[in-house]
Amino acid sequence: MGWRVGVDVGGSFTDFAALDETSGRLVTLKVFSRPDAPGAEIEAGLAQLAQRHGVEATAVDYFTHGTTVGINTVIQRNGVRLALLTTAGFEDVLEMARLKIPEIHNLYSTRPAPLVPRDRVFGIQGRLRADGSEHLPVDRASVEAALAGARAAGAEAIVVALMHAWRSDLHEKQVEAILAELAPGVPVFRSGAIWPIIREYERSITACISGYVQPRVAHYLDRFAATLSGLGVPAAPRITKSNGGVMGIAQAKAECVQMVLSGTASGVIGAGFIARECGFPRLLTLDIGGTSADLAVLQQGEAEYGTGEIIGDFQIFIPSVSVTSIGQGGGSIAWVDALGVLKVGPRSAGSTPGPACYGKGGQEPTVTDAAAVCGLIGHSALGYDAVRLDLDAARAAVGGIAGKLGCSIEEAAASILDLSVSAMYADASGLISRFGLDARDFQMLAFGGAGPMLACFLARELNLAGVVVPPTPGVLSALGGLVADLKSDFIRTIYAPLAEASLPLLQDSLVAMRHEAIAWLVDDQKFDGAPRLSLSAELRYQGQSFEVDTSLQEDWIVQGDLAALRAAFDAQHQKLYGHADDGAPVQVVTLRLAIAGATPKPALPRLAAATTAAGPAAEVDTYLDGAWQKVPLYQRQTLLAGHAFASPAIIAQPDCTTCIPGGFTLAVDDHGNLLITPAAR
Amino acid sequence: MPIDRRSLQILANHCGAAADAMAFTLMRTAHSTFVKETEDFSCTLLTAEGQAFASPRRFGAPWYSGIDYGPMIALIADYEDGDICICNDPYSGNVATHTPDLHIWKPVFREGQLVCFVAGHIHNTDIGGAVPASLSRTLTEIEQEGIRVPPLKLFSRGRMNDDVLRILRLNVRAPEQNWGDLKAQIASVNVGERKIQEIIGRFGLQTFRDGIAAMLDYAEAQARAAIRQIPNGEYFFADFADEDGEGGVPCRVALTLRVADDSVELDYTGSDPQVAASLNMPLGGRERHPLVHVGLTYVLFTLDPTMLLNAGTLRAARAVLPEGSVVNCTAPAAVGMRSLTCMLTQIVTFGAFSLAMPGRLPATSPGGNSIMNVRTAGADGRPVMASIGPVGGGGGGTPFADGPNGAGGAQAFLKNTPIEISEAEVPVLFNRYGLWPDSAGPGQQRGGLSAVMEFQVFAPGTVVTARNRNRSVFASWGVLGGRAGATSRFLRNPGTPQELSQGNTDIMRCGPGDVVRVVGAGAGGYGDPFTRDPALVAEDVRCGFVSQAAAEADYGVVLRDGAVHRPATTALRGARPTPANQDHFDIGRARRDFEKTWSPARYALLTAFLSAQPVDWRHYLKHRFFAAVAAGEAAELGLEGQMRRIGARLSNSAELTRR
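So the protein lines, in turn, are chains A and B.
Read in order, the letters of the first sequence correspond to residues 1 to 681 in my numbering.
Read in order, the letters of the second sequence correspond to residues 682 to 1340 in my numbering.
Check each hint, because a few of them may be wrong.
Simulated pairs of lysine-lysine, DSS-like, Cα-Cα distance not exceeding 27 Å [claimed, not checked]:
| hint | chain 1 | residue 1 | chain 2 | residue 2 |
| --- | --- | --- | --- | --- |
| 1 | A | Lys630 | A | Lys601 |
| 2 | B | Lys864 | A | Lys630 |
| 3 | B | Lys717 | B | Lys864 |
| 4 | A | Lys360 | B | Lys834 |
| 5 | A | Lys526 | A | Lys575 |
| 6 | A | Lys100 | B | Lys834 |
| 7 | A | Lys253 | A | Lys630 |
| 8 | B | Lys834 | B | Lys1096 |
| 9 | B | Lys864 | B | Lys834 |
| 10 | A | Lys343 | A | Lys360 |
| 11 | A | Lys575 | B | Lys1277 |
| 12 | A | Lys253 | A | Lys343 |
Calculated directly from the structure, the hints in this document are not laboratory data.
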């Protein structure tokens, strides 16, 4: 028995979570990221783990990593030079996308440039019909011409996405074989192999993103693995997946599409673990960084899953932990428009130059500056002594706004905070409406550098049940990787009526997927426990343009109990949309099988029980709810289980500050979570 | 907290969130594809007087941000808490503008007072009437366009009036779908009401009321600030629909834009009389009707994309809408396809504003996006009917970028239908779906290319319709040296000896093996194409967007092995005579030819004549006029003499007939 370690490399900090497999003990720590010398932060972190907690590198037998390298490659558009081979006649599939233009009122609005420009897209002669039968065979000469064109255009890898590859991969495989023969060294990605969904644009862009990020991701992962083995870590690293599971590094390199959202998913999975361990049935997670705020929904510790998650300018259509990103963060810039009306964002000072009060060259007033002016932050060093706030710089920056608005600096600062919170409210409220949730049943789990600073204000607007701030909000992503199960999704697009005649297809698909799934978990991932299989289908009433994900029992398909399947769909439709149409014919669009192998989970550390009342370290001046007031400041490490008091209060800790305006009560639970509840409830 | 410049955007965020919540509820619970895919719906927060003060920020049809329910609200005598009202009659308050748009509205009460309304509509796939889906250009009377519900209470103090529903259900083709959509609408206004109550709870009743007024004032001030950038003056532009009905003559929409400091007047005098087809806009002569200000809304938002859009935006504008004209028809004119004419009003608005501020606005997108439908049969003989998506043009070239391809400008909001879905649902086989080369109007910044869709059908009696089709004759214009885009086409068996072109007709009958090709119209270009960066022309050729021949002819760029040949290009560009056409617009050859006869001067005379005739005679008399001019009647008298003579003859015969 040894140690299991999870690491999350962020822009500023790298977080570690380590689990002692023998005792179940969990330890965490944080070091500076080293963009200048990648790998150095891993070395530093492992050294500290050894020194402080006795975690020897050689004793680490399981290592997980969540990374943003995939999504950043798409956002920064610095992936591989791809060529795309489509069915002839459909070469404009990326150029046209789904037609709709982002800003419908703006005559200048346009779609983003396609990931593969049109002069690197080549048509292949050959055609399958929707039922998978062959209309025209693949014309070898057209493949040769496409390859010649791709080479002439300097393509380094080729994506093959042919019509109806969701139904049959016959043609894509034939093209792949010809390419392998003619150009053995060139990486080829097939849309039907990557994620065989119906809808040609969605399948093609998913395949292109996977191919686009592959070399960069593979290079990154190779270097990461080399760093670990150089440090004597015997475990092969595993990578967190967009679906909230983990996979081995060889698979991560081959199926990059699975890890594009690795970083964001990790945080939500960490939050889900906290939710299950500490008993928070319904959570809205709030992760506020410099430029954006990420929101996710967790019910009974389970994340919502979606397809169509946003990756830079595009969407990706594989099952992913659903995260809604809002263009408001600690670095969002406040400004006054030509008519004198106050605005915040969408421009952001980001981490460079950052807020004015960070003293790194930022001049413009940001949300963080407003918080500093109001005395909500800045009472101790932030980010493990990385930043000492320059209050004068914050006041000077916000002062410009105050001058334009004709009010005091603190009034301007308070308005900036209110406005930023109202913008977050608008998007969070949309998320709640979209999923049809009742906000009053939800608590907000706040993490990220600025999450705990603003969570209470946002929760108040949303009328939530309360706010939870975990003991080390910065380390949730690293923890997420550590606790993630081995997990993989398998899909078959069926696109057939829910009827007896479709049963053989459903049964064959299930058998094949089951086989693939078990092979993945047992053979590839070397898992020796009991696999957990969950079957679902995307179903719809005939003629609907969207599908409803419905959980199924394998028996229904094995024994041909279509009535049970039908009833499950009607019930799910009723639950989601408030109505069901039990007379209408139903169509099976996809069948999906998820397999998971449970990994050992840490026991969350328990905090010592308080024997005396909580004592504030100081009283600080804050501008809250329209007036300056003296507010007690607590140091987080002095708060013990059972401590409770009424707000207002400020709670400082090295990686964030929690601000609680009046009207809340706070209690510390056994695990050290701050439970903040509206006093009226 | 009083609403001031510090807090205005906070209230606006909350109101926007309330409208979003209504839209999410609608999208989540509605039945029809119109809601889920094409987002043809609206959700609106209205003042107690019916003025829109907030709409969803990213969803729904983009035409209704400035809507005014006032005239329809006034048709219900009194409101009580728990009421929900309903209406789809275009001639009752002119809020619903064709019968499939079923509007509902609900009063919000607080402390016993009516504070505001929440409202919205869904375009129902079918509302009954003469044809499936209720819309056809061929219809001539509103009575053919489906069941009409006058303004009445669907819910009275929270109790539903089942009778309304029973009548409605009996008169439509797919009642379950209508009912499903209506339930979604009811859920949506109920969510809207709850959200308003929350906002009032947070801000206080008086603050909320003051805040609504401030939001309208703010939108007005933003609109006026944008208008102040536009030079004062009078700007005229007209454009044409290819036909005013089956086998008809062109249909003209004319606009005189008057800019005076911080306000604008959009005078539609000179637009054609209402037509005996369903292209008419039922606007009740209301000078701030949102449908006649869609183009203006686009222009203002393009000038200032931070703008809050609500009814305040339109306070700076008024429209002059001649009664009995195609932009202000009288009952019982059919109105189902008013969107085609509405697009023309947008296009003439873009033209007039382009004259006013050439450097700030793009050339036009074509309008007339064909909504393709196929009715055919499967191998087993079962009938199949399905929409297979829009086929249209791109966005116009802008002062600094090419227009987007396939969609853009004022037709940016529709999604397409995946080919794989269409083939799985409908027994047709697509040869092609993509962009049509050389369709874009050339320019320093070219227009967007149009889309092409080509497919084969396999059953006898197959009918393909291309609803809303236009621009098969008159091209979408370019500006400042930029050229007009290519026109649209609707062909059967293209490239074969049996090729058949449908002209402007929107219906095609086919048999087994027939191939149908529909090509959208290209968007106009911006600026002289001979000044376009040759490297961009070479890229367009590499991408297959522009042919090598067009690169030389339209852009003066010579390519050798795909690369720009500098000396030959310089020589070719230098050899071009000074362009003959120094006009602001390139309107394309068809329209130049048409206007040789039907010049603005002739139209002025025609308009003067027709406006003196009874409304129900005008369309007929217009056609007689066209026939007479085409026959050369009294041509020897010169323009004015000829028009006077024909007019005299026609009005005499009209007098006689009426007696």
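Evaluation of the provided hints:
no.	hint	in the structure
1	A:Lys630 <-> A:Lys601	violated, 43 Å
2	B:Lys864 <-> A:Lys630	violated, 52 Å
3	B:Lys717 <-> B:Lys864	holds, 15 Å
4	A:Lys360 <-> B:Lys834	violated, 62 Å
5	A:Lys526 <-> A:Lys575	violated, 39 Å
6	A:Lys100 <-> B:Lys834	violated, 36 Å
7	A:Lys253 <-> A:Lys630	violated, 55 Å
8	B:Lys834 <-> B:Lys1096	violated, 34 Å
9	B:Lys864 <-> B:Lys834	holds, 15 Å
10	A:Lys343 <-> A:Lys360	holds, 23 Å
11	A:Lys575 <-> B:Lys1277	violated, 64 Å
12	A:Lys253 <-> A:Lys343	violated, 43 Å
Of the hints listed earlier, those the structure fails to meet are numbers 1, 2, 4, 5, 6, 7, 8, 11, 12, in rising order.
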